[in-house]
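Letter by letter, the chains look like this.
There are 2 protein chains.
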Amino acid sequence: MKVLVIGANGKVGKHIVKKLMESSHTPVAMVRDPDQVPQFEELGAETVLGDLEKGFEEAYYGVDAVIFAAGSGPDTGADKTILIDQEGAIKAVDHAKHFGVQRFVMLSSMAADRPEQGPDGLRHYLYAKHRADEYLKSSGLNYTVVRPGMLTNEPGTGKVKLDEHINDFGEIPREDVAETLVYLLSVPRAENKSFDLISGEQQLEDVLAY
Amino acid sequence: MKVLVIGANGKVGKHIVKKLMESSHTPVAMVRDPDQVPQFEELGAETVLGDLEKGFEEAYYGVDAVIFAAGSGPDTGADKTILIDQEGAIKAVDHAKHFGVQRFVMLSSMAADRPEQGPDGLRHYLYAKHRADEYLKSSGLNYTVVRPGMLTNEPGTGKVKLDEHINDFGEIPREDVAETLVYLLSVPRAENKSFDLISGEQQLEDVLAY
Numbered sequence: 001m002k003v004l005v006i007g008a009n010g011k012v013g014k015h016i017v018k019k020l021m022e023s024s025h026t027p028v029a030m031v032r033d034p035d036q037v038p039q040f041e042e043l044g045a046e047t048v049l050g051d052l053e054k055g056f057e058e059a060y061y062g063v064d065a066v067i068f069a070a071g072s073g074p075d076t077g078a079d080k081t082i083l084i085d086q087e088g089a090i091k092a093v094d095h096a097k098h099f100g101v102q103r104f105v106m107l108s109s110m111a112a113d114r115p116e117q118g119p120d121g122l123r124h125y126l127y128a129k130h131r132a133d134e135y136l137k138s139s140g141l142n143y144t145v146v147r148p149g150m151l152t153n154e155p156g157t158g159k160v161k162l163d164e165h166i167n168d169f170g171e172i173p174r175e176d177v178a179e180t181l182v183y184l185l186s187v188p189r190a191e192n193k194s195f196d197l198i199s200g201e202q203q204l205e206d207v208l209a210y
Numbered sequence: 001m002k003v004l005v006i007g008a009n010g011k012v013g014k015h016i017v018k019k020l021m022e023s024s025h026t027p028v029a030m031v032r033d034p035d036q037v038p039q040f041e042e043l044g045a046e047t048v049l050g051d052l053e054k055g056f057e058e059a060y061y062g063v064d065a066v067i068f069a070a071g072s073g074p075d076t077g078a079d080k081t082i083l084i085d086q087e088g089a090i091k092a093v094d095h096a097k098h099f100g101v102q103r104f105v106m107l108s109s110m111a112a113d114r115p116e117q118g119p120d121g122l123r124h125y126l127y128a129k130h131r132a133d134e135y136l137k138s139s140g141l142n143y144t145v146v147r148p149g150m151l152t153n154e155p156g157t158g159k160v161k162l163d164e165h166i167n168d169f170g171e172i173p174r175e176d177v178a179e180t181l182v183y184l185l186s187v188p189r190a191e192n193k194s195f196d197l198i199s200g201e202q203q204l205e206d207v208l209a210y
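From first to last, the protein sequence lines stand for chains A and B.
For the first sequence, the UniProt record's numbering begins at 1 and goes up steadily by one.
For the second sequence, the UniProt record's numbering begins at 1 and goes up steadily by one.
Zero decoy hints are in this set.
Put simply, identical chains are the same to the list, so a pair is met inside one copy or across any two.
List of simulated lysine-lysine pairs, DSSO-like, C-alpha gap at most 27 Å:
no. : residue 1 : residue 2
1   : Lys193    : Lys91
2   : Lys18     : Lys2
3   : Lys11     : Lys161
4   : Lys97     : Lys137
5   : Lys137    : Lys91
6   : Lys2      : Lys159
These are calculated hints, taken from the structure and not from any lab test.
Chain A with its partners taken away, still in its complex shape (with noise of 0.2 Å):
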């Protein structure tokens, strides 16, 4: 499939799409600035330009799948949480429905499925990232929220631990979440379903395969 990465130049999503290169799979990293280019023609990934607050139709021709993977950050006010997680993510599934594609894989967060219980400073972004969830899950698209915990930097080990519920908070490193990411894309057992996801025991092969 070809895979339109939105938020490619993100920490997340620049695993994704050299996953995704890795893959049997075709990225089209997403990026809104022309100077994010070079990086990944040098992958020799596609690009495109486009800005959630904008406009990004048109990276959608000829797109068979979208993994969401954009954020605002912690450097920006939660005017941007309103625009960029919750509205633009909103968007990108409003877009995928017009042109049709096939499946919609979005990396949301640990607790956007109970923003009530988050922490003070963290649940009006929780509560963004459910809106946006929750609308994917209305939209009739085929779709996976992947819910991880807390992301590090460390390199990937392809273990993890995938489940619709996960009680404890853990970690998880940002490549293998990546991984997960765009395996996911190509899982039966997957689609339409929600997952929290952290480091763990499991193979990523083995995930869901059974």
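Starting from the structure of chain A, add chain B where the hints point.
Chain B only, in chain A's frame:
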């Protein structure tokens, strides 16, 4: 009808309680802070404590209708826009469904139906209001959404322009907004509709009356 006023201590909310006292309905003023109670008791209005961020389900006992007029206001960050204006309203809708409330009138904002056209500093707020309005509209509740123009503190005139879409921005006194919300509670032709609202030429009692 017994009408729960959520955000009774706000600038529009105070007018709503007074207008309800003068109407055939009975207000229940929901406020967050015990210090806000005496002003409503002096009016003879029933009050109930409830916090949109913590919990307010108890406020719904015996309630027939809800007017949602709460807002985080301009002095707090956009995190509160998510937690109060968006998520508070969504919880208010959920509770109304749970308690079988017959009417839900939402105080929204001009342009909340087209947030992408809003000015930069306001767009995130308009999206938050939009999400809340959309949630209400798809809730199955008997709703009315009212999107007033720029609010002023001028005395009310009782003369308005209410229409599903008004192209020109305009002002309207908060007192007239409050009177309109109360009026629309019992106007059958306002049910399951959304309206823009500014000052105008029509006497309120003639609006949607023919």
